[in-house]
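Chemist: Sequence:
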Amino acid sequence: MAAVTDTMMPSGRLPRQRLDRDDIIKRGLMVLISLYLIVSLAAPLYVMLSKSFSTYSFDLSTYEFQVSGPSGQFGETVSAAALNDRLLVVPKDKLATNADGRLAATSFFPEFSFRSPVKYRIRGTTDGTVYLIGSDMHRGTAWQEVDSNTFRRVMLRSTASTGLDNYVSYFSTPSLFRSIENSLFIAVISTVLTVSIAFGFAYAISRSCMRFKGTFRMIAMAPILVPSLLPGIALIYLFGNQGMIRDVLFGASIYGPLGIIVGSVFFTFPHALIIISTALAISDQRHYEAAASLRASRWRTFWVVTVPGARYGLISAAFVVFTLVITDFGLPKVIGGQYNVLAVDIYKQVIGQQNFEMGAVVSVILLVPALAAFVVDRLVQKKQVALLSARSVPYEPKPNRRFDMLCLAWCSLVAAFIIGIMLVCQMAALVKFWPYDLSLSLKNFAFNHMDGGGWGSYKNSIQLAALTAIFGTIIVFTGAYMVEKTEGFQKGRALFHFLAMLPMAVPGLVLGLAYIFFFNNPANPLHSIYGTMAILVVCTITHFYTVGHLTALTALKQIDQEFESVAASLKQPFYKLFARVTVPVCLPAILDISIYLFVNAMTTVSAVVFIYSADTALASVAVLNMDDAGDIAPAAAMGMMIFYTNLLARLVHAGLSRTVLARTQAWRRRG
5 MAAVTDTMMP
15 SGRLPRQRLD
25 RDDIIKRGLM
35 VLISLYLIVS
45 LAAPLYVMLS
55 KSFSTYSFDL
65 STYEFQVSGP
75 SGQFGETVSA
85 AALNDRLLVV
95 PKDKLATNAD
105 GRLAATSFFP
115 EFSFRSPVKY
125 RIRGTTDGTV
135 YLIGSDMHRG
145 TAWQEVDSNT
155 FRRVMLRSTA
165 STGLDNYVSY
175 FSTPSLFRSI
185 ENSLFIAVIS
195 TVLTVSIAFG
205 FAYAISRSCM
215 RFKGTFRMIA
225 MAPILVPSLL
235 PGIALIYLFG
245 NQGMIRDVLF
255 GASIYGPLGI
265 IVGSVFFTFP
275 HALIIISTAL
285 AISDQRHYEA
295 AASLRASRWR
305 TFWVVTVPGA
315 RYGLISAAFV
325 VFTLVITDFG
335 LPKVIGGQYN
345 VLAVDIYKQV
355 IGQQNFEMGA
365 VVSVILLVPA
375 LAAFVVDRLV
385 QKKQVALLSA
395 RSVPYEPKPN
405 RRFDMLCLAW
415 CSLVAAFIIG
425 IMLVCQMAAL
435 VKFWPYDLSL
445 SLKNFAFNHM
455 DGGGWGSYKN
465 SIQLAALTAI
475 FGTIIVFTGA
485 YMVEKTEGFQ
495 KGRALFHFLA
505 MLPMAVPGLV
515 LGLAYIFFFN
525 NPANPLHSIY
535 GTMAILVVCT
545 ITHFYTVGHL
555 TALTALKQID
565 QEFESVAASL
575 KQPFYKLFAR
585 VTVPVCLPAI
595 LDISIYLFVN
605 AMTTVSAVVF
615 IYSADTALAS
625 VAVLNMDDAG
635 DIAPAAAMGM
645 MIFYTNLLAR
655 LVHAGLSRTV
665 LARTQAWRRR
675 G
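Numbering (my numbering), first residue to last: 5 to 675.
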């Protein structure tokens with residue numbers, strides 16, 4: 005025993021592994037992209053959260069006045085609070101205001117006349133008291149003397165404080181609080197319908213031998229290529245006050261929850277279908293053979309084998325759809341009518357009432373269900389176990405005429421719904437004047453004669469999408485490579501992965517409002533990019549960062565770590581391995597990331613509606629603005645231009661996948 009003790013290592017700090025040049029560069033790049041995510045996401049969200057606790061009110065006790073008499077001598081000093089108590093100019097419950105609140109000093113002097121020879125003095129009782137004389141800001145306790153004509157331009161400014169008053173005001177306002185119930189109701193109903201329809205569609209494609217599977221898959225992906233506002237416009241043409249088949253609703257109105265739910269099912273359907281199809285694609289043929297040998301009915305096999313095997317996909321699809329619906333802004337804005345939801349409340353508070361603090365409060369409330377859905381989804385995915393082993397047999401459906409016909413009928417019904425919505429949008433874009441002149445014309449595409457930014461907004465969208473696809477793909481893939489291929493540095497990698505996953509839980513409208521608070525501050529060194537194309541690119545890349553990050557990680561995990569070991573043994577720098585091996589091998593994923601970013605940059609509304617300028621108006625926002633102005637047909641035309649562009653981008657992507665990948669992925673094929 006003593007001999008063993010003598011040979012033990014002495015206690016002390018474990019030796020650190022020396023970092024080589026490649027490790028330093030990898031960690032440096034990871035830190036650099038982490039700083040990008042902190043500046044573009046974490047910092048704006050923090051500022052927005054702090055703004056939600058900022059309250060503003062007029063503190064009348066901090067202002068004092070003096071008025072000159074007939075002899076020119078100034079009378080006694082009197083505070084604005086004392087004058088207000090005497091005259092009841094502003095009730096105490098009305099003193100609350102916003103950050104830009106202003107109160108005319110003349111309000112406290114009912115006999116004021118700007119032609120009077122009377123002079124006035126004003127000062128603050130604290131060094132922080134602020135007031136305006138014309139456009140000049142004054143601060144402090146020094147008296148400022150003005151004549152009557154100038155005194156009418158004196159404005160008292162609001163005082164900032166911190167507290168829960170904004171939240172108390174929100175939850176005590178029934179119309180605002182009801183938006184929470186409305187949003188949850190819409191999201192839950194839409195989620196149940198979408199997941200059910202998508203599961204039936206995916207089940208028909210994966211479990212039947214019906215014809216036209218490729219065609220149905222292509223049709224099912226069409227809603228991804230259009231902004232969420234477009235199905236709202238189509239539903240108005242179908243079921244609106246002058247709709248083609250409005251009588252089908254038997255007097256019910258499409259404006260409100262019904263229209264929002266139907267439109268939400270349309271634009272979230274592809275997202276649910278992708279997830280559920282993936283879950284159903286990993287089924288093991290042996291499970292079904294075992295069920296058949298036990299003489300289990302198709303119905304029992306469905307509930308005992310199919311549904312349990314796809315349960316994690318169903319749960320993920322449900323949370324994705326729930327998040328998309330509850331955070332969507334465009335569709336409720338177009339067809340919601342007077343049915344308020346949280347996303348529209350943010351828009352009304354910020355754009356309509358310029359109440360940024362209350363907009364921040366609603367944003368925080370909207371962030372809660374989206375963040376909760378994201379966290380639960382991640383926890384569920386961690387519990388998922390591998391359903392396929394090395395001995396698994398891929399499922400191959402067997403022909404069954406009756407079942408195949410039922411599947412074909414179901415997929416045809418869903419495809420007809422999608423095609424119908426798209427055809428109505430196309431018709432709306434081409435008809436001269438619905439419903440009085442149904443002749444076809446291209447006048448609705450004369451965007452330069454309408455509100456919304458004209459053809460310039462369309463060009464801006466293409467520029468935004470191209471820049472987002474290029475720089476976003478570089479940033480996302482580089483960041484994923486660094487976090488996956490860097491050895492050690494566990495805490496730093498964990499922090500980076502958390503920052504990369506966070507954008508999926510942040511609604512676009514919330515991110516856009518956070519950018520106003522953060523980048524529009526003149527004290528911010530990055531203030532210069534506010535109102536430029538650069539901030540739109542940064543916002544869009546950040547908003548859609550997570551999906552690209554996960555796609556890149558999935559591709560990188562397929563590459564054996566021995567490549568790095570071999571490169572190190574040959575004393576080759578990592579960037580040569582990255583350029584010559586990693587990028588060519590992962591080129592399919594890189595192209596998928598780029599087309600994903602391009603398409604979403606073309607269709608996004610919520611993330612950019614607060615931060616675009618007159619010079620950077622976008623096509624998706626132009627659809628919203630033209631719809632607001634009553635130009636519904638031109639709005640449909642612009643929406644279809646987005647669809648045409650995304651369809652062309654998809655075709656180019658498919659072409660690249662066949663030509664470029666045929667050269668770079670030849671190693672995947674057996675000789």
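No lab work stands behind these hints, which were simulated from the structure alone.
Heads up, a few of these hints could be off.
[As the list claims (entries may be wrong)] Here are the computed lysine-lysine pairs in the DSBU-like style, where the Cα-Cα straight-line distance is at most 35 Å:
#	residue 1	residue 2
1	Lys561	Lys495
2	Lys463	Lys352
3	Lys352	Lys96
4	Lys217	Lys352
5	Lys580	Lys495
6	Lys447	Lys352
7	Lys489	Lys463
8	Lys217	Lys561
9	Lys436	Lys447
10	Lys436	Lys489
[Claimed, not checked] Label-pair ranges, simulated between beta-carbon atoms:
#	residue 1	residue 2	range
11	Gln467	Arg406	49 to 57 Å
12	Pro178	Ala420	20 to 28 Å
13	Ala633	Pro439	18 to 26 Å
14	Gln467	Phe181	49 to 57 Å
15	Leu253	Ser532	49 to 57 Å
16	Gly341	Leu446	47 to 55 Å
17	Asp441	Thr154	15 to 23 Å
Backbone N, C-alpha and C define an ideal beta-carbon position, used for all residues, glycine too.
Chemist: Output the numbers, in ascending order, of every earlier hint that fails for this structure.
Modeler: Going through the list in order, the structure violates hints 4, 7, 10, 12, 14, 16 and 17 and respects the others.
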